[in-house]
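A.B. asks: As they're listed, the protein sequences go chains G and E.
Position 33 of the first sequence, counted from 1, bears residue number 33 in our numbering, the numbering being contiguous throughout.
Position 98 of the second sequence, counted from 1, bears residue number 1098 in our numbering, the numbering being contiguous throughout.
Incorrect hints may have been included.
[As the list claims (entries may be wrong)] In silico DSBU-like cross-links for lysine-lysine, where the CA-CA straight-line distance does not exceed 30 angstroms:
#: 1; chain 1: E; residue 1: K1265; chain 2: G; residue 2: K805
#: 2; chain 1: G; residue 1: K344; chain 2: G; residue 2: K477
#: 3; chain 1: E; residue 1: K1099; chain 2: G; residue 2: K318
Calculated from the structure, these hints are not laboratory results.
Since the structure is predicted, the reported quantities are computational estimates derived from the model, not experimental observations.
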Amino acid sequence: MTTLNFGHPTLRKEDPAILRGEVRYISDMNATGMLFAKVVRSTLAHAKILSIDKSAALNLDGVVAVYIAEDLGPSQRHLASFGQFPPPLLEKWNPKIRPAPVTTLADEIVRYVGEPVALVVANDQYIAEDAAELVSIEYEPLTSISNTVQALSQESPSIHKLEDSLNVISSEPWRSWCSSKEQWNDKGEYQVKWGHNTGIDMRVRVGETDKEFLKANIIVKDQYSSHRYTGVPLEGRGILAIPDPDGEGLMVWSSHQIPYFHRALISESIGISEEKIRVSQPYLGGGFGQKAGIYGEDVLIPFAALKLNRPVKWLEDKIEHFQASSHSREQVFDAEMAFDSNGKILGLRYEVLIDTGAHLTFPVVLPYLGMCHIFGPYRISCMEARIRSVFTNKATAAPYRGAGRPEVVFMVNRLIDHGAKKLGIDPVEIRRINLISSEEMPYDAGILYRDGSPLILDSGNYPEALEKSVNAINYDKFRIKQKELFNVGRFVGIGVACNIEAGGLGPVEGARVEIKSSGDVVIHLGVVDTGQGHRTVFAQICADILNLDLDRVSVRSGDSRGVIYSRGTYHSRAAVLVGNAVQSASLKVRKKLLKLVSHIFEVSEEDLEIRKGTIYVKGAPDKSITIDRCAQLCVPDGSSVAAAVASAGAIVSLPLGMEPSLDETSFQAGTSVVWGHACHIATVEVDPELGIIKILNYVIAHDCGKVINPLIVHGQVHGGIAQGIGGTIFEQLIYDNDGQLLTSNMADYMLPRSTDIPDIEIISLESPSPNNPLGIKGTGEGGTIGPPSVLAAAVEDALESFGVKITSTPLTPGKIIDAIQSAKQ
Amino acid sequence: MKPAPFEYLAPNKLSEAVSLLSELGEEASIMAGGQSLVPAMTVRLASPDTIIDVNNIKELKNINIDDQNIRIGALVTHSDVESSEQLRSVLPILSTIAKHIAHPTIRNRGTFGGSLAHADPAAEWPCVLLGMNGSIKANSVRGERTIKAKDFFQSLFSTTLETDEILTEAIIPLSATRSSWVFQEVSKQVGAFGIVFVLVGVLKNQSGLVEDVCAVLGGCGDVPLIPSVNQTIIVGKIPTINLVEQYTAEIIRSLDPPSDINATKGNRIQMARTLLMRALTEALSL
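One chain only, chain G, in its complex shape (with noise of 0.2 angstroms):
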């Protein structure tokens, strides 16, 4: 099979059409007696709700409806959310779970500041803003909790209904480094009343660290934090429910990564089947993992569709999307690892509080997939974790590009880092003498993923990966400038760190390939595209295996239409299992086209060939059919049929068997989750008088298996590398002590700019996965892993002379001032 499209640089599909402003979004889609819907959010972090007044708002000339809980009925309830346990790791580490999920609407108690309470619909959206300022809450207002350490007080309310239960948890030798502020009785037990602003607490534990802390020659601990910061797509969640105009369900257009999951909770919520329920997404503006959460509004808009027999459309606002969507990376880690006289890591030993807001959805995700990515690249081979997430009056915390593999990773690097520091070794070197190596892939971690699968490093040439960049950055002429520079008061650093990713999650995709009678072709995936290239990337692949021209197959995304099932778009897993999806359904349908051709020209499939859209056979100019023709035999219709036969030379009829369509579907299942890696290096110039940092080059080494489309995997690494940027130098959600967000525009939650962002040098790395047929590999994440960690050991490393060292984020002008002067005391 030629490859003319797979690997290769195609200039985005899509792109012309969204670049003229042609597509369509929610905000631009319109239907014939719609109504607008405005959300009433609290307004403040934690309180009961007395009493609410929508009189008010009802009388507002334009208004239609206002709900709140109690009117809601049955669709007033917990929503499920994506990410649980799957059981082999409940039997596995046995944790507490305590599940917190987001409701319809806040009911009785309002829990963050944005958290849904009312929703009114009236005419237009004007008038729907007006309303809900005339809705009338009255609140009791109860303590905020706005951190974990005070969420853990006994002295704190619950923020969920406890359970009264007192679980004793004896104590343990490596427990007594914890800077835990909890209660130890007189006998040494740790006390934990479990339930208390507590969602989960597990234990992880992988081979015999203490004994292998007792043969360490260096020991390095710190608190290694990671702020709270979160994606911001251009386009804001959006939804509009029209009512099927014969009365028998329900179209659902949203802004939404998981449409078949949305789908099954609208079903679930108002009771009516999913099969008279369409969800079905247009053009995304960006996802990164929040739209791939669950929210009040998502069951809301629907239900208020069906109830008042009229679209209805709901569009966030820049604040609401700070405020109510999901948040993410606000996690401290109490951390220590030790190493050998040569560098070597021992053991790991840590204990994380994830600060998860308001609720806990996602369960398995920030605590366990992010702890799965400790496993590599270096060859970390003992662990002991105790992984709590914990309820604060801030909003939900969820997965958002990265889904935990940051905060983890930049934990790992920075201990690594100061483990080198301390025994005098290179920063690059340390890594050397700890990355796994390529012969002994598939390295077997001896630790479950996130999906209950052992996690197995399928492939990759991590050395590689660090000598590539290492070379290309010229670090040793770097030091020497270092050094020159220093002697004329200028401060550059550099910082190395490396990281896996697992992509791929199962547990299947499909795709539906089908040859139209015009001879073009209609990819067909349950998938969303949220901004990655799928209308390009999925045709190239199939492309090539039809041998047709590009602009011939078209793919049509995120519709539960699409195939029967599908999970949807997130944890790096489209490119891996759609990919191989298509590439198998796009099989079955050549060979169905080259069995027809067989039998309409009397020779053997393997005397065939395809090119550029007909079938040939070889050795005879004379004999070919184009595909549309094929297709058009598919097609019981007389005409069409005389047409081929025409063209064909021959009296034909379908084989024996043979069903007309050229139509296959076929579905991925993976086995497990792959593993792409990358080694991420950065040099930065800090003025120590102003606390700001300029990144003076960025190189990242990047290996995501086969590359479909480099020109789509470049642009994947460079957008997640300036987010990994802005989440590290620039963007930060901050709350006052009463739960009031204090970062709620663009004007003070800071995005990256053009400016803010260096040259990227991508060394790009090919290691084909064994997992799948296409070889491929995630890169979804990728680009937003390295940064925090990378620019911290930067940073450090420009002002070593100062003694400084950097164990959080973000690294604003005001936290480099403030380090160099707690280190210069």
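Use these hints to put chain E onto chain G, whose structure you have.
C.D. replies: Leaving out everything else, chain E in the frame of chain G:
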């Protein structure tokens, strides 16, 4: 944009505008570039009953330089200032400072007069007007008056403009052009609000003695500040790094900047010290 309901009026003449404002008083807001007002209305932090859009009043768009003063009409945009050859020939620092204001699209609409009347402590033009000993012209049905910059900025978003007055012009005395000006700002990123910024102007005589020095600080209080410190530390002397350090230290001692999400008080003091040192050193060509 989903503001609360409002009336929209767009008079063509200043006389009409002031009489409308006199009639409507506090219920009305003057809209110039709208770069602060419109976002505030969008999120309903501001809900004026009436908007008086003054953009049709041509006479407010002029830049004039007479033998005494530079006169910048209230509707002159930041971009106009940035690109005005007329201004650049007499006071090029204005063009430099304009580049620090937000982003090009905002500079294309945001106005000089709007920025002064809005009196955001993070805005650059109030600093300039104060440092250059300028003033503003205010019009109302009661007539016209001139207010010195030092009497104009009262506190956060608050000026001595009466509710029936429209700011029509900013006046910078030509004497300001004799000094060498340096502007320095620290912000989290290009285009973001300045955390701390300083404008320094120095005048040296032919023998190299400092005749006059002025330092204005932004981001260190509710209004731009000219700390009153002993000018003789540096005035009347041949400048040295040592004197600059002393002068800076005096200024820093007088500061009591706020803490907020962008920087602590301590951070601001450190930033102000650095910016002052750098700006004075550059302005004095040390």
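A.B. asks: Does the alpha-carbon distance linking E:K1099 and G:K318 stay inside the 30 angstroms limit?
C.D. replies: 27 angstroms, holds
A.B. asks: Does G:K805 lie within 30 angstroms of E:K1265 when you go C-alpha to C-alpha?
C.D. replies: 22 angstroms, holds
A.B. asks: Holds or violated: G:K344 and G:K477, Cα atoms, limit 30 angstroms.
C.D. replies: Measuring from Cα to Cα gives roughly 26 angstroms; hence the hint holds.
Hint compliance for this structure: no hint is broken.
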